[in-house]
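Chemist: Listed below are the residues making up each chain.
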Amino acid sequence: MSALVEMRAFTVRYGSTLALDSIDLDLHAHRVTAVIGPAGAGKSTLLRALNRMNELVAVSSREGTIRLGGVDIHGGDIDPLALRRRVGMTFERPNPFPRSIFDNLAWGLSIHGVDDHVEARIEQALTRVGLWSLLADRLDRPARELSLGDQQRLCIARALVLEPEILLMDEPCSRLDPTSTARIEDLLFDLKTATTIVLVPHSLRQTSRVADDTVLLDAGTLIEAGSTEEMFTRPRRARTEAFVTGRFDV
Amino acid sequence: MPKRLNHHLEQLKKEILLLGSMVEDATNKALLALADRRHELATEVIEGDAVVDAREIAVEEECLKILALHQPVAADLRFVIAAMKVNNDLERVGDLASNLAARAIYLISEPPIPIPVEIDEMADSVRAMLRDSLNALVNRDLQLAHKVLHADEDVDSRHKRIYDLLQARMREQPDHIERLVQMLSVSRYLERMADLATNIAEDVVFMVNGEVIRHRPTG
Numbered sequence: 001m002s003a004l005v006e007m008r009a010f011t012v013r014y015g016s017t018l019a020l021d022s023i024d025l026d027l028h029a030h031r032v033t034a035v036i037g038p039a040g041a042g043k044s045t046l047l048r049a050l051n052r053m054n055e056l057v058a059v060s061s062r063e064g065t066i067r068l069g070g071v072d073i074h075g076g077d078i079d080p081l082a083l084r085r086r087v088g089m090t091f092e093r094p095n096p097f098p099r100s101i102f103d104n105l106a107w108g109l110s111i112h113g114v115d116d117h118v119e120a121r122i123e124q125a126l127t128r129v130g131l132w133s134l135l136a137d138r139l140d141r142p143a144r145e146l147s148l149g150d151q152q153r154l155c156i157a158r159a160l161v162l163e164p165e166i167l168l169m170d171e172p173c174s175r176l177d178p179t180s181t182a183r184i185e186d187l188l189f190d191l192k193t194a195t196t197i198v199l200v201p202h203s204l205r206q207t208s209r210v211a212d213d214t215v216l217l218d219a220g221t222l223i224e225a226g227s228t229e230e231m232f233t234r235p236r237r238a239r240t241e242a243f244v245t246g247r248f249d250v
Numbered sequence: 251m252p253k254r255l256n257h258h259l260e261q262l263k264k265e266i267l268l269l270g271s272m273v274e275d276a277t278n279k280a281l282l283a284l285a286d287r288r289h290e291l292a293t294e295v296i297e298g299d300a301v302v303d304a305r306e307i308a309v310e311e312e313c314l315k316i317l318a319l320h321q322p323v324a325a326d327l328r329f330v331i332a333a334m335k336v337n338n339d340l341e342r343v344g345d346l347a348s349n350l351a352a353r354a355i356y357l358i359s360e361p362p363i364p365i366p367v368e369i370d371e372m373a374d375s376v377r378a379m380l381r382d383s384l385n386a387l388v389n390r391d392l393q394l395a396h397k398v399l400h401a402d403e404d405v406d407s408r409h410k411r412i413y414d415l416l417q418a419r420m421r422e423q424p425d426h427i428e429r430l431v432q433m434l435s436v437s438r439y440l441e442r443m444a445d446l447a448t449n450i451a452e453d454v455v456f457m458v459n460g461e462v463i464r465h466r467p468t469g
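Chains A and B supply the protein sequences, listed in that same order. The first sequence begins at 1 in our numbering and counts up one residue at a time. The second sequence begins at 251 in our numbering and counts up one residue at a time.
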């Protein structure tokens, strides 16, 4: 199985701080990959490297390569905005714009110059996150009127409307109640047939419930990467065993 | 129910059923080998036991995966625990089918002696018990599980009758003793299979309502 994303000797520094240290990692298509590790491990940095969001932080510098579908994402002819269309992202805190539900979805399409079948695309994206039947007759209502869980699903729909190849999700459930969390977790299971998901989960239990593959980082170093089943039943590294059993003492 | 957990539980159910049908098939073939004196069938059963063993390990890994990844609770947890125990029991049924086949090979190599009709009847009961216990597991069918529990008493009393019968024959025909001892083993293996089907039925009761009924007299 050839990897969708190939990260080689990838290093990120924020000023003099080493955030990711020479990471070699493959991510596979149509899988949910969880990136786990203690605070400051480099999880969000790794996620943001995949759509070059780290570059928005002025003091960041990088070495090494990331290939998406065999193409270097830092190549001279790659437009970061176009890359972010292919590699969408959602965040910990649902962040709908202070506009209508419809506008929240139409916005991404318009900045990427997509002006055909806008309504059909919006319907499809809302259907995929299970919100269409709920919101079809009130698309003109302010997005921030929705519950937090529905706002997060709307933000996922906003990323999906651009049909990304990869969806990056940084702790998408950490602010949600258990019911909304369960809904989003089921959504991941459904979404991976069409896209590839890289997720920073908010707990180890969520990792084991939803992820096909898991990557453990600590202080910017890759400790172990592999199938979640293997990492949670017979990890190869003692540090992985210690982390998944809650005995990571560093 | 969470979709991914559900998906893994369905997979486990299929694996258990597959193992169940493999040992059922092995039992049928071993009994047919004995009745029709077909050496090649008996060999097939003995050689096939390695495949049964490999499936048992696969099911155990599936259970381990579900426990590690989903930390199931309540009915889901009881199902996985029951599946692990049923898995062991089915593997043991596979071993007994293999033992039956080995006894068949010995008896085929010797001049034929009549097979007591009770052995045929007992084999029919054991096959039905195995089938019913697996159906009870898959369909969470308590009534069927209890039917299996009651059927075990019948198998036990048949085994006792066969024992008495074969003992009498041994006295009458001492030159047939070796073959009759092998025949007695056949009856004992069948009786053990019925015990394992009973274990499965008990696990079904535990799975459905959390009640442990092992070590209780049936009534």
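Rather than coming from a laboratory, the hints here were simulated on the basis of the structure. On a predicted model such as this, the values are computed, not experimentally measured, just so you know. One or more of the hints may lead you astray.
Stated by the list, open to error - Just a sample of chain A residues kept apart from chain B, beta carbon distances all over 10 Å, derived:
{"id": "1", "residue": "L56"}
{"id": "2", "residue": "R62"}
{"id": "3", "residue": "I73"}
{"id": "4", "residue": "H117"}
{"id": "5", "residue": "R121"}
{"id": "6", "residue": "L139"}
{"id": "7", "residue": "L146"}
{"id": "8", "residue": "A182"}
{"id": "9", "residue": "E185"}
{"id": "10", "residue": "D190"}
{"id": "11", "residue": "A225"}
{"id": "12", "residue": "T233"}
Unchecked claim - Computed cross-link-like contacts, DMTMM-like style, restricted to lysine to aspartate or glutamate with a CA-CA straight-line distance of at most 20 Å:
{"id": "13", "chain 1": "B", "residue 1": "K253", "chain 2": "A", "residue 2": "D190"}
{"id": "14", "chain 1": "A", "residue 1": "K192", "chain 2": "A", "residue 2": "D79"}
{"id": "15", "chain 1": "B", "residue 1": "K410", "chain 2": "B", "residue 2": "E368"}
{"id": "16", "chain 1": "B", "residue 1": "K335", "chain 2": "B", "residue 2": "E306"}
{"id": "17", "chain 1": "B", "residue 1": "K264", "chain 2": "B", "residue 2": "E274"}
{"id": "18", "chain 1": "B", "residue 1": "K253", "chain 2": "A", "residue 2": "E185"}
{"id": "19", "chain 1": "B", "residue 1": "K253", "chain 2": "A", "residue 2": "D186"}
{"id": "20", "chain 1": "B", "residue 1": "K253", "chain 2": "A", "residue 2": "D177"}
{"id": "21", "chain 1": "B", "residue 1": "K410", "chain 2": "B", "residue 2": "D445"}
{"id": "22", "chain 1": "B", "residue 1": "K263", "chain 2": "B", "residue 2": "E274"}
{"id": "23", "chain 1": "B", "residue 1": "K335", "chain 2": "B", "residue 2": "D425"}
{"id": "24", "chain 1": "B", "residue 1": "K263", "chain 2": "B", "residue 2": "E360"}
{"id": "25", "chain 1": "B", "residue 1": "K397", "chain 2": "B", "residue 2": "D414"}
{"id": "26", "chain 1": "B", "residue 1": "K253", "chain 2": "A", "residue 2": "D213"}
{"id": "27", "chain 1": "B", "residue 1": "K253", "chain 2": "A", "residue 2": "E55"}
{"id": "28", "chain 1": "B", "residue 1": "K264", "chain 2": "B", "residue 2": "E290"}
Every residue gets a Cβ at the ideal spot worked out from N, C-alpha and C, and that includes glycine.
Chemist: Confirm or reject each hint.
Modeler: Status of the hints after comparison with the structure:
Distance check on L56 (chain A): its Cβ is at least 34 Å (rounded) from any Cβ of chain B, clearing the 10 Å threshold; non-interface status holds. The beta carbon of R62 (chain A) is kept farther than 10 Å from every beta carbon of chain B, the shortest such distance being approximately 34 Å. At roughly 30 Å from the closest C-beta of chain B, the C-beta of I73 (chain A) stays outside 10 Å, upholding its exclusion from the interface. Listed as a non-interface residue, H117 (chain A) keeps its Cβ farther than 10 Å from every Cβ of chain B; the least gap is roughly 29 Å.
Distance check for R121 (chain A) against chain B: the nearest CB is about 25 Å away, which clears 10 Å, and the non-interface claim stands. For L139 (chain A), the requirement that its beta carbon stay farther than 10 Å from each beta carbon of chain B is met, with the minimum near 27 Å. Consistency note on L146 (chain A): stated as away from chain B, and its beta-carbon is indeed over 10 Å from all of that chain's, at 23 Å minimum. Not every Cβ of chain B is farther than 10 Å from the Cβ of A182 (chain A); the closest lies at roughly 6 Å, contradicting the non-interface assignment.
Interface exclusion of E185 (chain A) from chain B breaks down, the closest Cβ pair being 6 Å apart, not more than 10 Å. Taking the minimum C-beta to C-beta distance to chain B, about 7 Å, the non-interface status of D190 (chain A) is violated against the 10 Å cut. Every C-beta of chain B lies more than 10 Å from that of A225 (chain A), the closest at about 17 Å, which supports listing it as non-interface. The Cβ of T233 (chain A) sits about 5 Å from the closest Cβ of chain B, inside the 10 Å cut-off, so the non-interface label is violated.
A hinted pair counts as satisfied when its Cα atoms are at most 20 Å apart, and K253 (chain B) with D190 (chain A) qualifies at roughly 9 Å. Simply put, K192 (chain A) and D79 (chain A) have alpha-carbon atoms about 26 Å apart, too far for the 20 Å limit, and the pair is violated. Pair hint K410 (chain B) plus E368 (chain B) holds up; C-alpha atoms about 10 Å apart against a cutoff of 20 Å. At roughly 11 Å between alpha-carbon atoms, K335 (chain B) and E306 (chain B) fall within 20 Å of each other, so this suggested pair holds.
A distance of roughly 15 Å separates the Cα atoms of K264 (chain B) and E274 (chain B); the hinted pair therefore holds under the 20 Å criterion. Distance check on the hinted pair: K253 (chain B) and E185 (chain A) sit about 8 Å apart at the alpha-carbon level, within 20 Å; holds. Simply put, K253 (chain B) and D186 (chain A) have alpha-carbon atoms about 6 Å apart, close enough for the 20 Å limit, and the pair holds. At roughly 18 Å between alpha-carbon atoms, K253 (chain B) and D177 (chain A) fall within 20 Å of each other, so this suggested pair holds.
A C-alpha spacing of about 14 Å is found between K410 (chain B) and D445 (chain B), which places the hinted pair at or below 20 Å, so the restraint holds. Taking the CA atoms of K263 (chain B) and E274 (chain B), the gap is near 16 Å; set against the 20 Å cutoff, the hint holds. Between K335 (chain B) and D425 (chain B) the CA atoms are separated by roughly 43 Å; this puts the pair beyond 20 Å, and the hint is violated. Restraint check: the Cα-Cα separation between K263 (chain B) and E360 (chain B) comes to about 42 Å, which exceeds 20 Å; the hinted pair is violated.
Simply put, K397 (chain B) and D414 (chain B) have alpha-carbon atoms about 27 Å apart, too far for the 20 Å limit, and the pair is violated. Under the criterion of a C-alpha separation no larger than 20 Å, the hint pairing K253 (chain B) with D213 (chain A) is consistent with the structure, at around 17 Å. Annotation: proposed proximity of K253 (chain B) to E55 (chain A) is violated, straight-line Cα distance about 37 Å (limit 20 Å). Between the alpha carbons of K264 (chain B) and E290 (chain B) the distance comes to roughly 29 Å, so the proposed pair goes past 20 Å and is violated.
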